[in-house]
Structures are given as C-alpha cells and as structure tokens.
Amino acid sequence: MSGIPIRVSRCSKTFADGTRALSPIDLDIAAGETIVLLGPSGCGKTTTLRIIAGLEAPDADGKVLFDNVDVTAIPIEKRNVGMVFQSYALFPNLSVEGNIGYGLKVRGMPPAQRQGRVQEMLAMMRLEPFAHRHIDQLSGGQRQRVALARALAPRPRVLLLDEPLTALDAKLREDLRVDIDRLLRSLNVTTVYVTHDQAEAMALGDRIAVMDHGRIAQVGAPEEIYFNPIDDFVAGFVGTMNRVRGEMREGRLQIGVGTTPGGAAGEDLPDAARSELLFRPEDVLLVDAAAAQFSGQLISAFFLGDHTRLVIDIGAEQTITARVPRRAMLRAGAIVHCALEPHALLRLPRKESFS
Amino acid sequence: MNVKRSVFFWPLLAFTLVVCAFLIVPVGMSMLAGVTRNYFVGVSGGLTLDWVVKVWQDYRHTVLLSVQIAIACLACTLVLGVPAAYVLAHRSNGLTRAIEELLVMPVAVPGLATALALIVTYGGWGDFRRGWLFILVGHVLFTLPFMVRSVLAVLSSIDLRTLEEGARSLGAGFRQRFFGIVLPNCRSGIVAGALMVVTLSLGEFNMTLLLHTPLTPTLPVGLADAYASLRLEVGSAYTLIFFVIIIPLLVAMQWAAQPVRRAQAAAAQPPRA
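Chains A and B, in that order, give the protein sequences. The letter at position 150 of the first sequence is residue 150 when you use the working numbering, and the numbering goes up by one with no holes. The letter at position 79 of the second sequence is residue 79 when you use the working numbering, and the numbering goes up by one with no holes.
Just so you know, the hints here were simulated from the structure itself, not pulled from any lab data. Note that the Cβ used here is the ideal one computed from N, Cα and C, for glycine as well. Among the clues, some could well be false.
What the hints assert, rightly or not - So, partial list: chain B residues that the calculated Cβ filter (under 8 Å) puts toward chain A:
(1) T162
(2) L163
(3) E165
(4) G166
Unchecked claim - Stretch by stretch, here's where chain B covers chain A in the computed footprint (C-beta under 8 Å, at least three residues):
(5) 67 to 80
(6) 99 to 111
(7) 148 to 157
Can you make the complete structure from the sequences, with help from the hints?
Here you go:
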C-alpha cells in the first residue's frame, strides 16, 4: 500500500440552511503522511474529512486533488478511499469475514483471492478467532478492529478515520492508539485522522492541523503545535496553558504589574494583553524561597500517580496550574515558591484569535 | 420460584381468565358449531366433518381467490412499499411527512367510502371493474401503509445513512448497497409487514363487499353470504376453514415482531443442563 499526496484547495462548505461549516481552507498532505485534524466539536474537522472522502461536495471554488488529479466531482464509491466511522457502520447482516470482504466483493474480486486477502486482514488485526461471529457478538474494541480491517482490505489509496476511538473507554483507547500507530507506520498509507482528543492527535499525527470555527488555525508537527502555538486558541486547546497578567522583571515575576496586590488587577495596565505571560504547567518548578521567581498559596493538590497537579493562588486573583513530579507532601494552604524553566514563556505570533 | 405474591394476585388472575374466556369462548363455540351434526342438539348429537367438506366444495373458489389476492397484494406492497419506506427514511421533510400521513388515509377512512370512491372513479372501466384486479387495488390501498410503516420503523432504528456511507466508501454502487445492505438489514420489518399485509388482505370485508361482483367473491364475502342464507353449521364450518388459514399467520406475525428480544433472551440465558 503506497500513499498518494492529497491537496485540499480553497474548500469551503455552506450547508443548505445557510450555515457556514467551513471557510475556504487549503491543506497539503504528503504521500504516506498521517495528518490529524484536531479541534472542538463544530470546528469543521469532520466536514473537511467528508469533503476529502467525497461524502460532501465543497462549495463551487473548492477542489480536492488525489495524486495531483482533480477528484472533486468523483463520488466516494470511485475514489478508492478506506473510511472508519465513529459508529463503525459495520453491516449487522454480515459476519466479521463478510464485513471485511465486502469491499472486495463489490469490486468483483474472485472468491479465492478474496478469501486470501480477508485471512490476511484477520491475521493483521488479530481477529482470526472471530471470523465467523456476527457484529453484535463483538466488543467495542473488536468492532473497531473489524472496521479498520474492512477499510484497509481493498488497499485504499487514502485512509480516513473519523473519531475512531471516541466510543471506547479510556484504557482500551490507549491500547488501540498504539495498535493504530504501529499499523499506520507499517502501511505507509496517506491517513487523515479526525479527533477532538489532543493526546490522540499528539500520539498519532506526523502533523496536526488544529481547527477552529471552520478554519485551520495552525498546521505543524506535534512539538511545533505544543511549543510554538500560533495563537490564543491553539495555545489553549492543545495542552494546559497558564495565563498570567504580569511581567518578568529582573528575574522576578511581577504579578498584575502597576497595581497593588489584590487591587483591581489589569485596569491600570497600559495594555493588558501585551503583558500576558503564557507557560505550561510542567515548566513550573518548586524551589527554595531564595531562588523563587514568584510565590503563592496552594489551593489544592491532586495526586495523580505519575505526577501531582497543583493549583496555586499567586495573588491578584490569579491562579496557575503546576505539574510536579515529586512526591511532595503538600497541603492546601501552604506557601509555595516557584520558578519557571528557562524558555518556558511562550510568545504567540498571532495576537488575534479567529473567534 | 419463590415469589411472594400480593393479595391481589388471585383476584387479578381470576379477572384475567374471565376476560379471556369472554373473548375465546365464542370463538371456540363457533368452531365447535362447524363440526356438530346439529347445533341445536349440541355435541351429544355427534360430530362430523360433513359441513367442512360441503363448504370446501361450495366455496373453495372464494378461498382460492382470497389467497390469490393476498399473494398479489403482498407482491404489490413489497414492490411499492419497501422503496417508499426507503425514500421516506432518507428524506425527512415536510413533503415526506405529508406523504406518510396520506398513506395512512385509507386506514382512517371507512373502507366503504374508499370502495365507493374507487367505483365512482373506475366503475366505467368494464373488464377492470368486473375482475379480481379491482379488489386487489382496494386491498393494496388499505394494506400499503402497514408495509411502509413496518419497514420504516426498522430503517429508522438502524443508522441507515452511515451504513450506506460505509458501503459507498467500500465502492458499492446504489444497486449493490440497496440489495446487499439495506434490504437484508430491514428484513425483520419486511417479514412483519408482509404477514400483516397477508392477514389483513385475507380478512378484508368492508371494502371488498362493494368491490366484488357475483363472479369474484372472496372468503369473507362468501362467509357473510353463508351466514345470511345457509345453516348455522355451514357458516361455522366456513369460519373453521378461515381460522385454519389465518391463525398460523397470526402466530407467525407475533413471532416475527420480536426477533431481537428473542435473540437477546436466548443470549442471556445459558442452556440448562
């Protein structure tokens, strides 16, 4: 299975009732790449996927190119894509084998050859013991694997996944995420993966396209999205972000600069937005009073096993979240001294968010 | 089982049995009347199948015509009703809802009125008016909504749109997904609808009374004729024949109506040793 490049060009989507689901977007997907469309519900990620699939047509100007060939007018039946739906859409009237072989059957593959390919897919997805079962006799995770096997059996040029893990519980989701990752790496098929789960996006995407209000806010490698978010929305949606009104002066963090602590923070600032500091919870270090850049009172400490999450009141009606690895025995009400890792402060190239 | 029964159990059971008896005894009496030598003498006068044989000899043609119409009616409702349900399931807008309501009209309007409308409109179409096809038209009008509703209920309960999108993504054209995915997945609705249609067509009397001609009497029309003009035993024997045909259909209908629950129950209960 070798992937093909996909180009989405000026694709917008206005539904019949006049709602604009998608502003014109451009997206280039390299051959064999896994791109994740990430965003909250209603951001247009599923609409984008459906346009690539051929289940929705873009507005007049939009074009979808597979391997540099315009496929905009070609229906999904003829695009040779593999698709996995959130609800799996497995056929209840067919067995596991029947489902996996369906795409081959409608393409007219001879039964002997078809059987061989189905066996291959069953083995790849570790589904052999369930080959003759009916769909309603399978667990959620098994259904998910059947859906993947069914989509991959006809050797599609493009694999499209619409929130494939959302219907599963957390533990299973993590296991299957590993499976899917291994599968996509070994198959080298061009993949578009839609999710609202940033952990999934980080784990699976070669690149992530963060979407918001029908636009692509930022496209980039997971690290890039996480460490260099382009705007407020991306910074807030991917990972947890602390936002503090203040300034870093001579190695000390001045909270709510220009106001007395506890006063009407921000009002006296010349430009509140300019002095907003952004940093990630894991970049906050607990230090001695002498090395502290700022101090605060602990509001709560959540022990989460591999780390502890602290919520700290740093004055001027502002709280931050810190993620500390040590088994620090901290009680609510304690005074904690904090410093930030070097380069912890993020700068947003784009001040305005779309919303 | 060691269930503690409330004080109302026995009175309620008795009441239920009385109601059941009220409904079932006349049916049993009627069937029994068909095999007694003389109804006014009673069972002590002896039992006989003579009446049944006589009815079969004299009214066989009505039974056969009814079966013929029921089968033809089933064919028509399948060909018209299943695709109609499919379209209605796919598009839900004001127009389709109006069509759905209109389809039910022949059930709401008295059969006599529908029959009269058909006669007024097509009464002049000589051979058509005189043939069994005229009765068939009435039966199709009357039974079509039952087929449509039954199939539509199943189609609405499965995520038809996504199933079809799944099939399309795998390369299936319309014909392939309609016959390979849509029809097999609404089988229970089709079976339930089919049994309903056959049963209703076999028993339809109101409309058929006006639509038939002396050359095309159906079973219920013949039955009315026998009740009106022949011995009570003959009418009862006729009823007996009707029951023999209709009861297996009714049982099958109950059986087909709940395949899911049965399957679930079977899965939940391991076979006992």
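Hints, verified against the model:
no., hint, in the structure
1, T162, "4 Å, holds"
2, L163, "5 Å, holds"
3, E165, "6 Å, holds"
4, G166, "3 Å, holds"
5, 67 to 80, "holds (count 5)"
6, 99 to 111, "holds (count 4)"
7, 148 to 157, "holds (count 3)"
Comparing the model with each numbered hint stated earlier shows that all of them hold.
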